[in-house]
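Engineer: Order-wise, the sequence lines are chains A and E. Letter by letter, the first sequence follows residues 1 to 297 of this note's numbering. Letter by letter, the second sequence follows residues 1 to 263 of this note's numbering.
Careful, some of the hints might be misleading.
[Stated by the list, open to error] Calculated pairs, DSS-like style, for lysine-lysine (alpha carbon to alpha carbon, straight line, at most 25 Å): (1) K63/E with K81/E; (2) K55/A with K43/A; (3) K102/E with K81/E; (4) K60/A with K43/A; (5) K211/E with K102/E; (6) K86/A with K60/A; (7) K81/E with K206/A; (8) K36/E with K211/E; (9) K200/A with K36/E; (10) K206/A with K122/A; (11) K63/E with K12/E; (12) K221/A with K122/A; (13) K292/A with K136/E; (14) K200/A with K180/A; (15) K180/A with K292/A; (16) K200/A with K211/E; (17) K206/A with K211/E; (18) K292/A with K81/E; (19) K206/A with K136/E; (20) K81/E with K37/E; (21) K43/A with K76/A; (22) K180/A with K122/A; (23) K292/A with K137/E; (24) K63/E with K122/A; (25) K12/E with K37/E; (26) K200/A with K81/E; (27) K60/A with K76/A; (28) K12/E with K36/E; (29) K55/A with K86/A; (30) K63/E with K102/E; (31) K126/A with K180/A; (32) K102/E with K206/A; (33) K211/E with K12/E.
For the record, the hints were derived by calculation from the structure and aren't laboratory data. Since this is a predicted model, take the numbers as computed values, not measurements.
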Amino acid sequence: MMTETLRTRVWPVVAVLIVIIALWYVAALFMNRSVAVNEAELKGENLTSSELWMKSFTLKKPLLPTPDQIGVEIWKTTAEMKVTSKRSLVYHAWVTLSATLLGFAIGTATGILLAVGIVHNKAMDKSLMPWVIASQTIPILAVAPMLIVVLNAIGISGLLPKALISTYLSFFPVVVGMVKGLRSPEVIQLDLMHTYNANKTQIFWKLRFPASVPFLFASLKVGVAISLIGAIVGELPTGAVAGLGARLLSGSYYGQTIQIWSALFVSAFLAGALVFAVGATERVVNRLMGVKPEARV
Amino acid sequence: MAENQSSVVSAKNLGLTFQTNDGPVVALTGVNLEVKKGDFVSFIGPSGCGKTTFLRAIADLEKATEGELRVNGTTPEDARKNRAYGYVFQAAALYPWRTIEKNIALPLEIMGYSAQEQQARIARTMELVNLTGFEKKFPWQLSGGMQQRASIARALAFDADLLLMDEPFGALDEIVRDHLNQQLLELWARTNKTICFVTHSIPEAVYLSTKIVVMSPRPGRVTDIIESTLPRERPLDIRETPEFLAIAHRVREGLAAGHSYDD
Ligand SMILES: Nc1ncnc2c1ncn2[C@@H]1O[C@H](COP(=O)(O)OP(=O)(O)OP(=O)(O)O)[C@@H](O)[C@H]1O
Ligand SMILES: [Mg+2]
Numbered sequence: 001m002m003t004e005t006l007r008t009r010v011w012p013v014v015a016v017l018i019v020i021i022a023l024w025y026v027a028a029l030f031m032n033r034s035v036a037v038n039e040a041e042l043k044g045e046n047l048t049s050s051e052l053w054m055k056s057f058t059l060k061k062p063l064l065p066t067p068d069q070i071g072v073e074i075w076k077t078t079a080e081m082k083v084t085s086k087r088s089l090v091y092h093a094w095v096t097l098s099a100t101l102l103g104f105a106i107g108t109a110t111g112i113l114l115a116v117g118i119v120h121n122k123a124m125d126k127s128l129m130p131w132v133i134a135s136q137t138i139p140i141l142a143v144a145p146m147l148i149v150v151l152n153a154i155g156i157s158g159l160l161p162k163a164l165i166s167t168y169l170s171f172f173p174v175v176v177g178m179v180k181g182l183r184s185p186e187v188i189q190l191d192l193m194h195t196y197n198a199n200k201t202q203i204f205w206k207l208r209f210p211a212s213v214p215f216l217f218a219s220l221k222v223g224v225a226i227s228l229i230g231a232i233v234g235e236l237p238t239g240a241v242a243g244l245g246a247r248l249l250s251g252s253y254y255g256q257t258i259q260i261w262s263a264l265f266v267s268a269f270l271a272g273a274l275v276f277a278v279g280a281t282e283r284v285v286n287r288l289m290g291v292k293p294e295a296r297v
Numbered sequence: 001m002a003e004n005q006s007s008v009v010s011a012k013n014l015g016l017t018f019q020t021n022d023g024p025v026v027a028l029t030g031v032n033l034e035v036k037k038g039d040f041v042s043f044i045g046p047s048g049c050g051k052t053t054f055l056r057a058i059a060d061l062e063k064a065t066e067g068e069l070r071v072n073g074t075t076p077e078d079a080r081k082n083r084a085y086g087y088v089f090q091a092a093a094l095y096p097w098r099t100i101e102k103n104i105a106l107p108l109e110i111m112g113y114s115a116q117e118q119q120a121r122i123a124r125t126m127e128l129v130n131l132t133g134f135e136k137k138f139p140w141q142l143s144g145g146m147q148q149r150a151s152i153a154r155a156l157a158f159d160a161d162l163l164l165m166d167e168p169f170g171a172l173d174e175i176v177r178d179h180l181n182q183q184l185l186e187l188w189a190r191t192n193k194t195i196c197f198v199t200h201s202i203p204e205a206v207y208l209s210t211k212i213v214v215m216s217p218r219p220g221r222v223t224d225i226i227e228s229t230l231p232r233e234r235p236l237d238i239r240e241t242p243e244f245l246a247i248a249h250r251v252r253e254g255l256a257a258g259h260s261y262d263d
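For reference, chain E alone in the conformation it holds in the complex:
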């Protein structure tokens, strides 16, 4: 029972098939996964292996066609209605006619927070993502990395314990990315959220995660789940330690295995 309570995402034999004009596309099949409270889970795999689809299924943006998916012990739909998660899309998806602070206020307005509460939360989350001072700017006045941080702040502004992030730093250069990764880890440690994070980068996955889910395409499935042995406290140079490299190696092998299976 106690086990069950701490389960944030639980997939049992999950499958998802899209009906398209060219016939059915199996995006996910036989996915089994447990995400526990406080986990940082990365999803890694080649393009088209269903990472986005899995995240969208958790978010109730797609419906599973097979198996069972529970979020916070309820259906994804109920979880969405309970505003259980914040979703960070690959593109920042800020509304261009709103200033940064108004963009962060968007979910708060919709969820009916008082003006005072909104103000407090905007200030807090903007500080959390290091954007203090840019409240009154419009999105186009910010760099890509800053826009992405604003979209993370927006997902953090309300009380969702689960953060779903779909390649949030995919479009950014490596220096900015390293910096944001560090900030994300700090934020995760401070807020004790559960994070599901999609990435194409092996070092990023290993650096961030407590659990790495390796996936492979056609049909999209999980080929390996790696529990990280790295400590929660992670300076950037942990990436040169043998332990780190060993995990990265295993991820790489998992990815390669997924491919050879295919050929």
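Pulled out of the complex, with its shape left as it was, chain A reads as follows:
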């Protein structure tokens, strides 16, 4: 069993990873070479080509930092630093994560409520759905600064404005998925409820909602990932105080490419962890709901 998973699942990923890392070093060499040459000329150094290689891989402000530089930077700013420090990536990651989770929670709740309304009310179906879709045609980069500024003006700042941007992004897949999910029961399953003279609340809790659970989880996986993006985007116009977005922004102000890439990697890791957490919850729920094993994802 173990060796089987190792062979079929772990190996391909590792192989691709090795290729990517190798290509990365090659790219770093090409991109950073000119920077290294300039720097050497400036200092009047006379470098052999192998020294130039080494220099390209160890620049303080490279065009493209190497994986090991990023790894060291992440290690230094997480494991070797107190989490309360303003330079700790754990601290910044937590700032972003808390906004993400709050926004995701509000977004999911909003999405479910809207879907319930749309499914149960013809007028809401007609009037709401176009707006829900229209909301997503406005680029988030345009909405985010506006929202932050407007909320700041009325005295709301900090976590909530960022969370609301996550909400703005994440409610959409939930609405769409849940509308589909709540409408997914077959006619025969609904007819059965009708023969019991079940009321709408009973039909909702005993049929529509359980039937929509697979759709909900598919939406949540998308929703949680874009919630994180929303929170990061929300941090960009706040004047770079804290959060992964702030690290990205201040890094680009000062040409700290290693800092930018570290923040990028941590956010990618966070996104992966969040999607994994949703997936793990889904597996538990699937087991409780008796989903046939081969149908489980």
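For this one, chain A is given, so just place chain E with the ligands on it according to the hints.
Structural biologist: Positioned in the frame of chain A, the structure of chain E with the ligands alone reads:
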């Protein structure tokens, strides 16, 4: 008056027309039928003759467009609201996220039975359909025949005296079917329910019924109603008796007549 009381389903000149995009479809016309308490009535006829539609009209899942239909002396809607019938669909229609016992509990939960009462009824009906021991299984863990039995148990779990069954064994092989037919007869004898049963099979109709309603299509109508002369007690080999074969013959003729009328 006494006659009227024992009438469970009464159709008088019943008609039902579907309005579709391709114009009206007459699913039923001029249907007259009396089903008495304790009857086992089979509906037989070619595809599209309105058997399902008639059952659905009784169940208030469709509305008659002509004539009159009474269920337990009331309108189908009131009968449905009184939870007067259990409906067994052609597909088992179990909810896949519920275990078998929870599926049987579904109508009981909706109708507000106490937890204790639910438990007792689940145990009783599962025994009735020979499914004891499968309480905690999910539907996909059961064979098709077992799933169909679970759906019958679900329809039996609450106190409806009328059982409407739309080709419940249609998708099953003959051996399983024979077995379930026998069980159904036993169950009918034990519970004294009234059963309306749709089938495509002549032997099944004759074996089970006290009354056989032969129908024919375009437009859907009743062409013959046969009162069975077979005793209520029916071993499987009754199907080889001359009496049985005579009834089957009459059903077959009724079906053929319906067709020639059409050509
Ligand atoms: N919802 C509907 N809308 C329009 N036409 C319908 C609808 N339901 C049934 N019909 C039509 O009514 C007629 C009778 O259908 P019904 O399903 O009652 O037949 P049936 O006797 O049960 O057939 P089968 O043996 O194939 O199940 C058919 O012509 C069918 O096309
Ligand atoms: Mg049918």
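Engineer: Run every hint past the structure and note whether it holds.
Structural biologist: Status of each hint after checking the structure:
1. With a CA separation close to 15 Å, the supplied pair K63/E and K81/E stays within the 25 Å bound.
2. Pair hint K55/A plus K43/A holds up; C-alpha atoms about 13 Å apart against a cutoff of 25 Å.
3. Of the pairs offered as hints, the one joining K102/E and K81/E holds, with about 22 Å between alpha carbons and a cut-off of 25 Å not exceeded.
4. A threshold of 25 Å between alpha carbons decides the hint, and for K60/A with K43/A the separation of about 15 Å falls inside it, so the pair holds.
5. A threshold of 25 Å between alpha carbons decides the hint, and for K211/E with K102/E the separation of about 34 Å lies outside it, so the pair is violated.
6. Our distance criterion of 25 Å between C-alpha atoms is met by K86/A and K60/A, whose separation comes to about 21 Å.
7. In summary, the hint linking K81/E to K206/A is supported, as the alpha carbons are separated by about 19 Å, within the 25 Å threshold.
8. Using a Cα cut-off of 25 Å, the hinted pair K36/E and K211/E holds, with the two alpha carbons roughly 10 Å apart.
9. Using a Cα cut-off of 25 Å, the hinted pair K200/A and K36/E is violated, with the two alpha carbons roughly 34 Å apart.
10. For the suggested pair K206/A and K122/A, the alpha carbons sit about 22 Å apart, so the restraint of at most 25 Å is met.
11. Restraint check for K63/E and K12/E: satisfied, since their Cα atoms lie roughly 14 Å apart, inside the 25 Å limit.
12. Under the criterion of a C-alpha separation no larger than 25 Å, the hint pairing K221/A with K122/A is inconsistent with the structure, at around 28 Å.
13. Simply put, K292/A and K136/E have alpha-carbon atoms about 14 Å apart, close enough for the 25 Å limit, and the pair holds.
14. Proximity of K200/A to K180/A is assessed by CA-CA distance (about 18 Å); at most 25 Å being required, the pair is judged to hold.
15. Straight-line distance between C-alpha atoms of K180/A and K292/A comes to about 21 Å, which keeps the hinted pair within the 25 Å bound.
16. Straight-line distance between C-alpha atoms of K200/A and K211/E comes to about 38 Å, which puts the hinted pair past the 25 Å bound.
17. For the suggested pair K206/A and K211/E, the alpha carbons sit about 37 Å apart, so the restraint of at most 25 Å is broken.
18. Proposed proximity of K292/A and K81/E is contradicted: the alpha carbons are some 35 Å apart, above 25 Å.
19. The suggested pairing of K206/A with K136/E holds, with an alpha-carbon distance near 18 Å, which does not exceed 25 Å.
20. Among the hinted pairs, K81/E with K37/E is consistent with the structure: their alpha-carbon atoms are about 19 Å apart, no more than 25 Å.
21. Between K43/A and K76/A, the direct Cα distance comes to roughly 29 Å. Violation of the 25 Å bound is thereby established for this hinted pair.
22. Taken as a hint, the K180/A and K122/A pair is honoured in the structure, with Cα atoms around 15 Å apart against an allowance of 25 Å.
23. This hinted pair checks out: K292/A and K137/E have alpha carbons roughly 11 Å apart, not beyond 25 Å.
24. Between K63/E and K122/A, the direct Cα distance comes to roughly 23 Å. Compliance with the 25 Å bound is thereby established for this hinted pair.
25. The suggested pairing of K12/E with K37/E holds, with an alpha-carbon distance near 18 Å, which does not exceed 25 Å.
26. Taking the CA atoms of K200/A and K81/E, the gap is about 14 Å. The hint holds against a cut of 25 Å.
27. Of the pairs offered as hints, the one joining K60/A and K76/A holds, with about 15 Å between alpha carbons and a cut-off of 25 Å not exceeded.
28. Straight-line distance between C-alpha atoms of K12/E and K36/E comes to about 14 Å, which keeps the hinted pair within the 25 Å bound.
29. At roughly 30 Å between alpha-carbon atoms, K55/A and K86/A are farther apart than 25 Å, so this suggested pair is violated.
30. With a CA separation close to 31 Å, the supplied pair K63/E and K102/E exceeds the 25 Å bound.
31. Pair hint K126/A plus K180/A holds up; C-alpha atoms about 15 Å apart against a cutoff of 25 Å.
32. For the suggested pair K102/E and K206/A, the alpha carbons sit about 11 Å apart, so the restraint of at most 25 Å is met.
33. A C-alpha spacing of about 17 Å is found between K211/E and K12/E, which places the hinted pair at or below 25 Å, so the restraint holds.
Hints 5, 9, 12, 16, 17, 18, 21, 29, 30 from the list above are not met by this structure, while the remaining hints are.
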